[in-house]
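S.K.: Protein chains in written order, with our numbering: chain A, 439 to 1133; chain B, 35 to 375.
The hints are simulated quantities; they were obtained by calculation from the structure and are not laboratory data.
Possibly wrong hints are sitting among the right ones.
Claimed, not checked - The calculated DSSO-like cross-link candidates involving lysine-lysine, where the alpha carbons are at most 27 Å apart (straight line), are:
hint	chain 1	residue 1	chain 2	residue 2
1	B	270	A	462
2	A	824	A	687
3	A	766	A	795
4	A	687	A	834
5	B	270	A	824
6	B	199	A	462
7	A	871	B	199
As the list claims (entries may be wrong) - Which bits of chain B does chain A cover? Going by a derived footprint, with three or more residues having C-beta under 8 Å, they are:
hint	stretch
8	136-146
9	153-163
10	167-177
Fair warning: this is a prediction, and the values are worked out from it, not measured in the lab.
We put the CB at the ideal spot given by N, CA and C, even for glycine.
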Amino acid sequence: MKLSVNHLKNYVDINIPVKELADKLTMTGLEVEEIKDAPKAFFTAQGGAGVADDTIFDVKVTPNRGDWLSLIGVAREVAPICGTEVKIPAAEVKGPGAPTSDSVKITVTDSDLCKRYVGVAVRNVKIGPSPDWMKDVLVAAGMRPINNIVDITNYVMLELGQPLHAFDMDLIDGKEVIVRVAKDGEKIKTLDGEDRELTSQNLVIADSHKPVAVAGVMGGFDSEIGDNVKNVLIESANFDAVSVRRTSKRLGLSTEASFRYERGVDVNIAGLAAARAAELMAEYAGGEVACEAIDVYPNKVEPIVINARVARINGMLGTDFGGEEMAKYLESLDIKTTVKGDMLECVIPTFRVDIVKEIDLVEEVGRMFGYDNLEPTLPASSSGGKDTAAGVLRDKIRRILVSSALQEVLTHSLVSSKIAELTDMTDTMLKIKNPMNEDLDVMRSSIMPNLMGIAARNQALGINDVFVFETGKVYWDKPDKGIGENLSAAGLMLGNMWNNGWGINTSAADADFFMCKGLTENLFADLGIKNVKYIAAKAPAYHPTRCAAIYVGDVKLGVVGEVAPDTCRFFDVSGRPCAFELDFDAIRSVTPEIIRHSELSRYPGSYRHIAVVAEEKYKVGEILAAINAVNEELVESVKFIDIYRGVPIESGKKSVTFAFVFRSLKGTLKDEEVNAALENIKAELVKRFDCTFRG
Amino acid sequence: MNEFEDIKALEEEAKKLIESAKESSELDAIDTKFLGRKGELTLQLRKIGSLEPEKRKDFGAAVNAAKNMLAGQLADFKRRFAEKEKELRLKKETLDVTVPGRFYVPGTPHVLMETFDDIKKIFIGLGYEIFDSPEVEEYKYNFAALNYPEEHPAIDEQMSFYIDKEHLLRTHTTAYQHRVMLGRKPPMKVCTTGKCYRVDAVDATHGHTFHQVDCFAIDKGITFSDLKGTLLHFAKSMLGQHVETRFRPDFFPFVEPGAEVAVTCTICGGKGCNVCKGSGWLELGGAGMIHPNILRGAGIDPEVYSGFAFGFGIERIHMLLHNVNDLRMFMDNDLRFLRQR
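Please construct the entire structure, taking both the sequences and the accompanying hints into account.
M.R.: What follows is the structure, given as structure tokens:
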């Protein structure tokens, strides 16, 4: 809310510099977001034409403090800072005109939705511009001056926080004002010229046969104050906050009035506000004020009394105040406080709709003492801190991947459904009901596509070598399992990781399927996960014949593969990116809690190669698995060396070379022992693969 | 010339050759020529048989003395030559050490994840337990359980992405509070971090996605002063020992009293600059004492226990630390930015 500091001085004496006042208001919770010189062009009344010496405060009113949306509300915070008194304007409805009830009858059908309705007739007004000083106040607050009648309603709203509406009384059919809920489908043209359809959820002000205003939100077009208005009915009412909010939301219409009603308006200010507006209309529009208002206020709201414990307030703040000191702070906010032993009896003025419980008074004492004056301490208790198991695993995986030369990235979870289509996740993707736009309409089902996006963006920047990974959530909405989310780890390798290694960066070192697979193998080894199997598989967005599913037993850990050419085209990525994506829950289920180390042999090893010549149909993995399955005790390790095809190997066959290390814990191995073990393995391979051996 | 003079002459000849040698291969040749199995000095010993018996002993000794002397000299020269040749070889191997080095491009943690790591470490050190909470959250946990009145303008500040009648994308990490409280009994100290979402157009200081950290502590006798001390410790550990905190009243439905926490402007050190709009302070986040309604709602007696809670944006902290002015940098993943250290 914007306000003129000069105008504020009408309601409270300010005896400190403007900047200091702004700082102190901020420190008591009413944040002065901006301090600006007044727009000079408008300030004619305050210091002569075009000259003004005024400051505009833009204050940030928190949603709980509707009372701050007025000059007297701000003045009530200034008063304790300056040690001065709040000056509230006085006014009365005292004639000389006929009683309001001579011209109109007011009926409120629902006193919950409209706690109070004050109507005052002001007759024989002369419409015209309002005085310059009033225009200045409105302009300073960011409002547009219209005419004296409308400006006065806005001026009093700024002053007292009570939204007012002025009707052309002669346009009220049947001389009757009824506050009622709208009929479903009932229509009204509002002041802004829009036709609006209402429902029984909306409260309206109606005459004998049609709505003339949407209660607390906006007046009707047809009863607007026009240039020929003669008789005015001032409405000063208190509408229910939730009802106004619902109506305002449904109509997509937020006004100065609805904004205040939503945040709470003092029900007991309505009478003064109506009288104040009537007086000003008499003075500045020549109107004849009725001698009596109509005040429909069946259940008068009295200030609530809260009993607060001195010990409780001290206990929450960590202070040691006496009751008297607390009372002093509360009294400075117009909260009448009586100290009764170790209790405070507090009478909460009705404008403080935010104070309903003892705890609310804790804040008032704290903020009047000053939060900054409270001593910083640490909680007395001690406890052991810890991360989650998933968090520990995540950090470990992040560490391994970073040390594997992948750059960690962080991408959005809100993505386009087009990407979900690409990864064939359309059946299970989690959709946003109210997306900002079509490119952000689902939650990601997979991280890999986001990494492709990064590859594309960086290639566009001229960075062609992209080695990245992310650990983060993926989300789903599965017909069987419902909504869920889980951590996932994905990586992408594209180009040459030696791109700053001159003389090394040959294309032979480009990332490929096997580099990507090797990285995952290292990751599993580092986590202590054993017996990992890579099985040729098809996965959406991956190359159909260069992709493997990763398993430990029946548990699928994820996939690794070259990215499909179609996917590359979709993202406009050139080159042959390879990627992997792993499921955290699956990894956790196969990760040993403790990795045990084993004793090493002190004796020299024996080294042997074998070249297995077998038909193409036998996969390297099968041969390796068969070697391992022999479980020859003397074999320390078997390593795949290479595959050879061509002369002298007959076509349809390949030669696969493995390197063995034989070693024993018991002693140096003799040639005969090693040869026997190797022959044993060879025999098994012949049996399984009908192979021969080369060299 | 007698046989002793022959030895002398050979010895002189060898000495001359050694002294005039240019490289170690010449020394090898000299070695072979005089001291080898068929070397000239070695062959002298064959003469022993033809000498008078009384001379034999002296002659043998003279030959061996000459051999030893030569061998010593040869070894000495060989050492010197080897040294020189090594020097020569090393000189030939000279590298231009100013040529840039080569290694693979290393990976680094993402800057925001690093900030997460640091924050987590500080709170684990203070005895907080990390809690992982869903991002796709139930409406009630995001608002109602946090003391947001139904239909309250406070909800407008957190425009949400909706999934269905019950679910939305959490608008703040604070949504985890009720979940945690329901599952355990005080005392508790808990911390969570992660993505949050609000309907907000993307610009340098706003985005639909941002990251938060949220902590709370519940125990007997927890005070607002404890909240201040905890955040002061955090601010100093995270941003530097010179940093101070400032607390001023603010409103959040889930805390009472509520506060906004600011820290000494990291750009100007509190003197006042453009970034802090001259105030010397930069806003960090929201804090306060957990509202008794929330404790009661979770079955914790607010007459026995009290607690504080606070939360703030990770991007904000990183921006304070590293002078990044555009939020979008964090998730654009321009590798040039991510590799900046």
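S.K.: Please name the hints from earlier in the document that this structure breaks, with their numbers sorted from lowest to highest.
M.R.: 2, 4 and 6
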